[in-house]
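Mind docking chain B on chain A? Use the hints.
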Amino acid sequence: MHADSLTYIFLNAAIINNFVLALFLGICPLLGVSGKISTAFSMGLATAFVMLISSVSAWLINEFLLYFNLEFLRLIAYIAVIASAVQLVEMTIKKFSPPLYRALGIFLPLITTNCAILGVALFQTNYEYSFSQSLVYSLGAGAGFIIAIVLMAGLREKLELADVPAIARGAAMSLMLAGILSLAFMGFAGLGGSTA
Amino acid sequence: MAANTEKPITLDTFLIGLWRENPVFVMLLGMCPVLAVTNSVVNALAMGLATTFVLLCSTALVALLRRHIPKEVRIASYIVIIATFVTVVDYLIHAISLEIYQALGAFIQLIVANCMILGRAEAFASRNRVSTTVVNSLGMGIGFTIALLCLGSVRELLGAGTLLGIPVFGEGFEPWIIMLLPPGGFFVLGAWLLLFAWVKERQLKQKTADAGEAGVHAR
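Chains as they are written, first to last, in the working numbering: chain A, 1 to 196; chain B, 197 to 415.
Excised from the complex, chain A in its bound form (with noise of 0.2 Å):
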């Protein structure tokens, strides 16, 4: 595969060079939120849309700065875009799913602080990609998310069941369950030269 395919900077996004499970974005909502498949599931698409505006928008806003040579502003651009993006999400679901708002509760906000969104929109800008190869990038982040913290939600479902002794049960547990699941994923690392 050609490094510069839109099939392989997908499959590097969502698989390879996995968000959470590689790359180390977005844990917060990775321990916070993956109690349920579910309500994992919901988050993980909340977060994927985001980092769908947010990138696009993001790509917009740099060859806007390019073009001005405002370069040192781009950050807070970018901060400002996820923050209304986020804004946006929370009021959709809001009206059309209330009890799905109450299930995600404060890390609906938290979006906004969630480093995985943010690093989309960085790391494109650094690979300095294409409008259309940015598009796929974030889709790819975005699936990627979504696999993580389904696969943690359902190992989690599973460990309820299981006799964990108490000074290991919730975060420390997750973080160990997280290690084995960021072990597998690195089975995927030969697919295509690691870019991290």
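Quick caveat, the hints were computed from the structure, so don't treat them as lab data. All C-beta atoms in this analysis are idealised placements derived from N, C-alpha and C, irrespective of residue type, glycine included. Please note: incorrect hints may appear among the correct ones.
Claimed, not checked - Below, a list of computed lysine-lysine pairs in the BS3-like style, where the Cα atoms sit at most 30 Å apart:
(1) 158(A) <-> 36(A)
(2) 396(B) <-> 36(A)
(3) 396(B) <-> 158(A)
(4) 267(B) <-> 94(A)
(5) 95(A) <-> 36(A)
(6) 95(A) <-> 267(B)
(7) 94(A) <-> 36(A)
Stated by the list, open to error - Restraint-style ranges between C-beta atoms, simulated for each label pair:
(8) 291(B) <-> 168(A): 41 to 51 Å
(9) 290(B) <-> 161(A): 49 to 59 Å
(10) 6(A) <-> 208(B): 51 to 61 Å
Chain B alone, transformed into the frame defined by chain A:
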């Protein structure tokens, strides 16, 4: 109303961030940089100092402006303030050491998305005087740096057999490469959390045992 919530400066204002409310080990905030850049002690230290600087400056500014920021747009204002200081740090590290800049990569800019900083701005700086905030943020920042160093030293020691680049174990040591790779980060942090949970449980047991004895005597 606002005046009542202001706390005086005590030793506790500083110490609370080091141990009892340690942002990483207790509050589990700002995990992403904690896991991502702690594959060596130098990176961990640089990241810790950069985050401390941003935390200190932005919470001080938030505390200074706390009466002038309208409640409705406070989160957006905090984020813009944080992003400004992160941009400063980004250019600063770029100027000081290109090597560290490349090692940390995009994670310097991702300090913006560190929920610990926004959390402190919202939970502490928006309700307290500048002096109190500075002391508290300093404690939090140092607590964060210590946590990063805890992870970084274990991972560098086991993963490369070195500490600050100096070989520790000698020729015969076979490095555990896995510790430098992503899974190692999860495992080491999980192990630290286990250790702290174990210590806490022992303390609790000790306390209940003492209380039980006292109760028996009282009866």
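Does the structure keep residue 267(B) and residue 94(A) at a Cα separation of 30 Å or less?
21 Å, holds
Between the beta carbons of residue 290(B) and residue 161(A), is the distance compatible with 49 to 59 Å?
51 Å, holds
Do the alpha carbons of residue 95(A) and residue 36(A) lie within 30 Å of each other, as the hint requires?
Holds, at about 22 Å.
Hint check: residue 95(A) vs residue 267(B), CA-CA at most 30 Å. Holds or violated?
Since the Cα atoms of residue 95(A) and residue 267(B) sit roughly 23 Å apart, the hinted pair holds (cutoff 30 Å).
Can the suggested window of 41 to 51 Å be confirmed for the beta-carbon pair residue 291(B) and residue 168(A)?
45 Å, holds
30 Å Cα cutoff - pair residue 158(A), residue 36(A):
10 Å, holds
Given pair status - residue 158(A), residue 396(B), alpha carbons within 30 Å:
With a Cα-Cα distance of about 27 Å, the restraint between residue 396(B) and residue 158(A) holds, given a limit of 30 Å.
Given the hinted pair residue 94(A) and residue 36(A), is their alpha-carbon gap at most 30 Å?
Distance ~20 Å between residue 94(A) and residue 36(A) Cα, so the pair holds.
Distance restraint evaluation - residue 6(A), residue 208(B), Cβ atoms, bounds 51 to 61 Å:
55 Å, holds
Does residue 396(B) pair with residue 36(A) here, judged by a C-alpha cut-off of 30 Å?
Holds - the C-alpha atoms of residue 36(A) and residue 396(B) are around 28 Å apart, at most 30 Å.
The structure shown violates none of the earlier numbered hints.
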